[in-house]
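Using the sequences plus the hints, can you model the full thing?
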Amino acid sequence: MKKISLSSILSQLLLLFFVIVWIIPTFGLFISSLRDKDLLAISGWWTALTTTEINEIYRMSGMESQIEEDGYFKIKGTLFEENSGKKIESFGINSKKINEFKIGDIAIFKDESEVILDEDGNYEWRSKSEFQKKKGKRLFTTSLSPPSFTFENYREVLFKEGIGRAFVNTMAVALPSTLIPLIICSFFAYSLTWMRFYGRDTLLAIIIASLVVPLQMSLIPILTIYNDFGALFGVAAKSYPGVWMAHTGFGLASTTFLLRNFLKSLPNEMMEAAKVDGASHYDIFLRIIIPLSIPAFASIFILQFLWCWNDLLVGLVFLDQVPSEIILTAKLKELLGSRGENWEILTTGAFVSMTVPLFIFFALQRYFIRGLVAGSVKG
Amino acid sequence: MTILNLLFIVFLGILFFIAYFHISNYLLDTYGGKSVKRYNFENSIRVIVFIAPAFIVLFVFILYPVFETVRLSFYDKFGREFVGLYNYKWAVNDPEFRRSILNNLVWLLVVPTLSTFFGLVIANLADRIWWGSIAKSIIFMPMAISFVGAGVIWKFIYEYRGPDNTQIGLLNAIIVSLGYEPQAWLTIPIWNNFFLMAIMIWIQTGLALVIFSAALRSIPKEMLEAARIDGASELKIFFSIIIPYLEQTILVIWTLITIIVLRIFDIIFAMTNGEWQTGVLANLMYDWMFRGGGDSGRGSVLAIVIMIGVIPILAWNLYKHRQEQKI
Chain S
0 MKKISLSSIL SQLLLLFFVI VWIIPTFGLF ISSLRDKDLL AISGWWTALT TTEINEIYRM
60 SGMESQIEED GYFKIKGTLF EENSGKKIES FGINSKKINE FKIGDIAIFK DESEVILDED
120 GNYEWRSKSE FQKKKGKRLF TTSLSPPSFT FENYREVLFK EGIGRAFVNT MAVALPSTLI
180 PLIICSFFAY SLTWMRFYGR DTLLAIIIAS LVVPLQMSLI PILTIYNDFG ALFGVAAKSY
240 PGVWMAHTGF GLASTTFLLR NFLKSLPNEM MEAAKVDGAS HYDIFLRIII PLSIPAFASI
300 FILQFLWCWN DLLVGLVFLD QVPSEIILTA KLKELLGSRG ENWEILTTGA FVSMTVPLFI
360 FFALQRYFIR GLVAGSVKG
Chain G
0 MTILNLLFIV FLGILFFIAY FHISNYLLDT YGGKSVKRYN FENSIRVIVF IAPAFIVLFV
60 FILYPVFETV RLSFYDKFGR EFVGLYNYKW AVNDPEFRRS ILNNLVWLLV VPTLSTFFGL
120 VIANLADRIW WGSIAKSIIF MPMAISFVGA GVIWKFIYEY RGPDNTQIGL LNAIIVSLGY
180 EPQAWLTIPI WNNFFLMAIM IWIQTGLALV IFSAALRSIP KEMLEAARID GASELKIFFS
240 IIIPYLEQTI LVIWTLITII VLRIFDIIFA MTNGEWQTGV LANLMYDWMF RGGGDSGRGS
300 VLAIVIMIGV IPILAWNLYK HRQEQKI
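Protein chains in written order, with numbering that gives the first Met the number 0: chain S, 0 to 378; chain G, 0 to 326.
In case anyone wonders, no lab produced these hints; they're calculated from the structure. Any given hint could be a false lead.
As the list claims (entries may be wrong) - In silico lysine to aspartate or glutamate, EDC-like type, Cα no more than 16 Å apart, as pairs:
| id | chain 1 | residue 1 | chain 2 | residue 2 |
| --- | --- | --- | --- | --- |
| 1 | S | LYS274 | G | ASP28 |
| 2 | S | LYS159 | S | GLU333 |
| 3 | G | LYS325 | S | ASP200 |
| 4 | S | LYS263 | G | GLU323 |
| 5 | S | LYS101 | S | GLU123 |
| 6 | G | LYS319 | S | ASP200 |
All of these numbers come straight from a predicted model, not from anything done at the bench.
Written out as structure tokens, the structure reads:
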């Protein structure tokens, strides 16, 4: 008895280990996307719940904001943005001694002007003589920042970095690229299953062979066709309909194969009875096949939609990389190159691109798994 | 293009296909006759109506390109002049091509094997533990994420800062806390390939896991219980009963992941763009499609090499299909 419980504890621990290793990368990304961008750049996301010490350089205001008071010329202001929550520990006026002064100390510059600072970053800089410079002097601060979470990154990424538009573009690619193959393949699969015609078995064998053809085989010839087509009719070679049809082509074999496997499992008698009653193939398709196939449609829809949503290569090759056409994955890749150090933009952008797949995943996991298990083979 | 315009063409695009099927079938139903002779005639038209769109797409996007790619591989970079085996000779002598082939082979060896192994182990563990289904969901989740998204996630893990700075990448933070020097992981040749493969394993284990979970239920409970009563350890049961029983499933999953890995492109494109000796065939092909105005001959050769990798699987699929048809 004791041995069994020991092995059960061991397997629980082992599984827990796997779960932790698998969740940590995504979790870290999510936490990071909610953190203040300055904190994100200097501390690991696992310190998000602790107070972080930050060293910063600020410049005080220049001569325009000076006022005369009590026989001094004064410049007052604040270093931090409102509600930053930061508390200054120490400060300096020289880059070599950034911790020279404590709060309450009076720091004296070379030109005999003095500055006092409170812990919230409000400063008072005063001088007996009038300030002459447009730029203020620099202050080096060491402050403690409490844990803070913000949606600021999301606002920035969605509206300033173009991720918002890329999200719309991706939807405009993925939705038709899922529905069009679903429509034409359901008729195709129906005729492969329930209609008799010459060459049916050959066609089926071609579909099965096409299942594993890598899409790389098609890229160059299709690009050539699109370029010729564009030149011939004077339209853009790269366009949304072009991407839809490319995705339809690459998803056709697997969609047809899965649907045919499903249709084959439906009872033959039902179709025969309907035919005897004078129903045409289209009637049978609309009244019998579609209602029965809803679960199969759901699985295939999810697989194909996720495939199109997450695709990079097709969107890269068949769309122009301009704001009105670029898709999320291509945009993310572009940001990885141009904003590789701005982790607040990358983590947030990546999380935005994951929202739709994760929603589908959690809401419709059952259909997703069913589709995968049914044999998702995709070239 | 404004968002409103975009919505409009999306709507139009989908409507076009629905309208095609509806109108053509409506015409057939209305004007098709009821007599037997006309019924047969009408039926053969109906077959064409049902099949035509899918067949045209299949022909234009899969069948024709396969032959065209083979043809282009024997032509010059513009596809105009016949150059015989020139492009193939170039490939064999190109160091980048050899490196890509080698990297692809290592990917094919490591990723399907480890993903299948982890998937099997986790499915087996989760099957016997009450919180197993939550664990399965979590491990399966990366399957829903794009390769580029996964790339960003892992680039953050591998992030490198100089030794004097605070490390914000998890891996380097761990290394530093253990007293070692931080490393720029993705730029260390040979090893960086394995850091990229880790991402793919992280994703594909979920696929193996769900398929194994479904397959595990098919193992007769009595067999497992009998083994337990006879005093077999869980490890022994795993190796002597579960693995032999799931042999077919293991093969299917291994093949499935192999096909996916063979055309791996996104992860490498996003993470290193093939630098630091991480290139694979699909990335090299993409390079040649666009490098210096594009070279359709060399690009096609690379596509064909990828295709050759799946031919055994293709043949096996057709063979199995033929067997099924006989029954």
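Hint-by-hint comparison with the structure:
{"no.": "1", "hint": "S:LYS274 / G:ASP28", "verdict": "holds, 13 Å"}
{"no.": "2", "hint": "S:LYS159 / S:GLU333", "verdict": "holds, 15 Å"}
{"no.": "3", "hint": "G:LYS325 / S:ASP200", "verdict": "holds, 12 Å"}
{"no.": "4", "hint": "S:LYS263 / G:GLU323", "verdict": "holds, 13 Å"}
{"no.": "5", "hint": "S:LYS101 / S:GLU123", "verdict": "holds, 15 Å"}
{"no.": "6", "hint": "G:LYS319 / S:ASP200", "verdict": "holds, 14 Å"}
Of the numbered hints given earlier, the model fails none.
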